[in-house]
Amino acid sequence: MTRDTATPHSAVASRRPPRAWLLWLGTAARLLLGAVFVTAGAIKVGDLAESGRAVNAYQLVPFSIAKFLGYVLPFIEMAVGLLLIIGLATRLAAIVAALMLIAYIVAISSAWARGLAIDCGCFSRGGSLAAGVRPSYGWDIARDVGLLAVAGFLAFIPRTKFSVDDYLLGPMDERSFDDD
Amino acid sequence: MTKPGSDGSGKPGRNTSKGNTSKGNASKQRAASAKAVAGQRLARERRRRRTALVSWIAAGVIVVAGLIGYAVYASQNHVDFNVPKHAVQNDSGVVAGGSGPIKVDVYIDYQCPVCKAFEQSAGNALTNMVNKNQITLIYHPIAILDRFSTTQYSTRSAGSSGCASDFDHFLPYTQALFADQPPEGSNGLSDDELIQIGGSVGIADPKFAQCVRDGTYKTWATHNTDVASQRGITGTPTVLVNGTSIAASGQAPTLAALLTATGLTGK
Numbered sequence: 171m172t173r174d175t176a177t178p179h180s181a182v183a184s185r186r187p188p189r190a191w192l193l194w195l196g197t198a199a200r201l202l203l204g205a206v207f208v209t210a211g212a213i214k215v216g217d218l219a220e221s222g223r224a225v226n227a228y229q230l231v232p233f234s235i236a237k238f239l240g241y242v243l244p245f246i247e248m249a250v251g252l253l254l255i256i257g258l259a260t261r262l263a264a265i266v267a268a269l270m271l272i273a274y275i276v277a278i279s280s281a282w283a284r285g286l287a288i289d290c291g292c293f294s295r296g297g298s299l300a301a302g303v304r305p306s307y308g309w310d311i312a313r314d315v316g317l318l319a320v321a322g323f324l325a326f327i328p329r330t331k332f333s334v335d336d337y338l339l340g341p342m343d344e345r346s347f348d349d350d
Numbered sequence: 366m367t368k369p370g371s372d373g374s375g376k377p378g379r380n381t382s383k384g385n386t387s388k389g390n391a392s393k394q395r396a397a398s399a400k401a402v403a404g405q406r407l408a409r410e411r412r413r414r415r416t417a418l419v420s421w422i423a424a425g426v427i428v429v430a431g432l433i434g435y436a437v438y439a440s441q442n443h444v445d446f447n448v449p450k451h452a453v454q455n456d457s458g459v460v461a462g463g464s465g466p467i468k469v470d471v472y473i474d475y476q477c478p479v480c481k482a483f484e485q486s487a488g489n490a491l492t493n494m495v496n497k498n499q500i501t502l503i504y505h506p507i508a509i510l511d512r513f514s515t516t517q518y519s520t521r522s523a524g525s526s527g528c529a530s531d532f533d534h535f536l537p538y539t540q541a542l543f544a545d546q547p548p549e550g551s552n553g554l555s556d557d558e559l560i561q562i563g564g565s566v567g568i569a570d571p572k573f574a575q576c577v578r579d580g581t582y583k584t585w586a587t588h589n590t591d592v593a594s595q596r597g598i599t600g601t602p603t604v605l606v607n608g609t610s611i612a613a614s615g616q617a618p619t620l621a622a623l624l625t626a627t628g629l630t631g632k
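Taken in order, these protein sequences are the chains called S and C. Position one of the first sequence corresponds to residue 171 (my numbering), numbered consecutively onward. Position one of the second sequence corresponds to residue 366 (my numbering), numbered consecutively onward.
Bound-form chain C, shown alone:
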């Protein structure tokens, strides 16, 4: 035990109980380390709480994003829609002509080039079959290519075809739309051009023009598209004869396949 006052503290007469022993230093170290550890623990706790708060905020951001998506879904999910004349099959298609025993369903998108090709190769045969009342021809105008147009041409044109059906000119109007088909990635035909085409096939009534400009049947087009998706029809053109597709999955239908499936000559 050293004498009091000689522990190097510079204070005469200071009497520490531990003094300047190794044991004393060790316990001072322990105290300092314990304080450091406690401080570290406190800091860690603070960080954990901050992290938890940040995580809750982030979770909130994700939930809000989901709600935004839901809001858009709800706004575009129309339960009500206008139904054009001659609509059939859960209002998802229109009878383009004929009342024959063989049922032919044609799913098309007016922006689809292969649909145009099919229409131009099989259009005459279909018209003849209709005129001879050999088939009941039902068209399903759907809009699956809107993203290839800057003006949602698929939906607009499908909607306008509903207007044409109102005036009993669906089939000639459809064939004219394909004849004048705009290229993909363009604005598509304008409403004025659609009205002009309607006029060119014999639709003179100004209510047709009003129907096209109002987009009366655009929601019907969306409904058609949803129903087609529900039926598993994801590509156009798709042609069914009495409910069975005339082409293999992923293949485009052809005139030959149509004639084979219907057993008709198309003349």
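Just chain S, with the same shape it has in the complex:
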């Protein structure tokens, strides 16, 4: 019996079950990114007026728009974080998270380049307040770049364990890893 190599059998075989370590990595990425976003949003919701002033300190948009963004962004951050934590629409949430992180990186870089001192509040925060450029700009950017990499990874490979996506779309063995 000759083997017929022209059967569509090969097309079915090319869809392998996902590699276990990639799944775990993705799950960790999803939970980490979600936790960061929920926390960031929750902190700001406590004083939304201050959040508006913080956005205004970047001097990138007029005050009224800065204030509006300061009120709206924390809620969007929490929504994105929540979606990531429960693993619903992971690809979309990761893309939105990535876009926000890109905006933050651009804003911080712009403030750094212009020598702005993003420090608001009472000068009682000791003499540790530098007169001029805040020394942690570089770390802030590095942190956001790292988070952006995590979000990018999730956007490409959004399949993770313990997610609502997983529950909705059935067991992973039958389908492609990044198919959705």
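Just so you know, these hints were derived from the structure itself, not from any lab. Bear in mind the structure is a predicted one, so any value in this text is a computation, not a measurement. Just so it is clear, CB atoms sit at the ideal spot from N, CA and C, and this is done for glycine as well. Accuracy of the hints is not assured; some may be wrong.
Taking CB as the label site, the calculated pair distances span [claimed, not checked]: (1) S:Gln-229 to C:Asp-456: 19 to 29 Å; (2) C:Gln-485 to S:Phe-332: 36 to 46 Å; (3) S:Leu-195 to C:Ala-417: 46 to 56 Å; (4) C:Asn-493 to S:Ala-205: 54 to 64 Å; (5) S:Gly-322 to C:Ala-544: 47 to 57 Å.
Covered stretches of chain C, as calculated for chain S (at least 3 residues, CB under 8 Å) [said to hold, decoys possible]: (6) 421-428; (7) 620-626.
Given chain S's structure and the hints, the job is docking chain C onto it.
What follows is chain C alone, placed relative to chain S:
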């Protein structure tokens, strides 16, 4: 070609056209695989549709979150606010005293410890300058430290200072508030305590008490804060002499700097 009935199907006389040839098996395999692939394609389509639906729902959740933020913004964004007596400069400050040629603007938050320190070191000099009519002293009570109080003390105290201005006692009331400044992270002074302090500096009119309890000028305090932010003033205390800050960015103003900038002795 084999004889009919001998293809192993067990059914005598059954005549399949392909029979038990390798070609026959291969095409059976093809048919089975094609069916499997079609089934897989169908399942993939179903999954894609489900994913799309889920994505739309998630997008909706994000939009709703944004709308919630907008609703809070709209509710806290007061276009109308009450304006106290002696208000100047787009109603963002009050004249604490004096009508002299040198204009001194002081931005403070009543919860700010460095503001208290400045007030206690430069308060006498400012009072003397006012009494000699050397300066026009304008205070801008702003509320940037509300999150360090459980009762929004920054806004309440700034609002109450507007009430004090109504009764022409802004400057002594301000100095008394700093003298009794509560620590950060506390409840701050209560409305009763604020009224008591007003009484201690000479405000006896019960309408002052009513003004404080009603929070009549709390929205004015928010307006002051917004205007200060628009002017790029993000820290307290900030002191301007004729529009120019007396301290470098990020540095606290001092009495010495004030005297240098005004060219006065403060005595």
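List of violated hint numbers, smallest to largest: Result: hints 2, 3 and 7 break, sorted rising.
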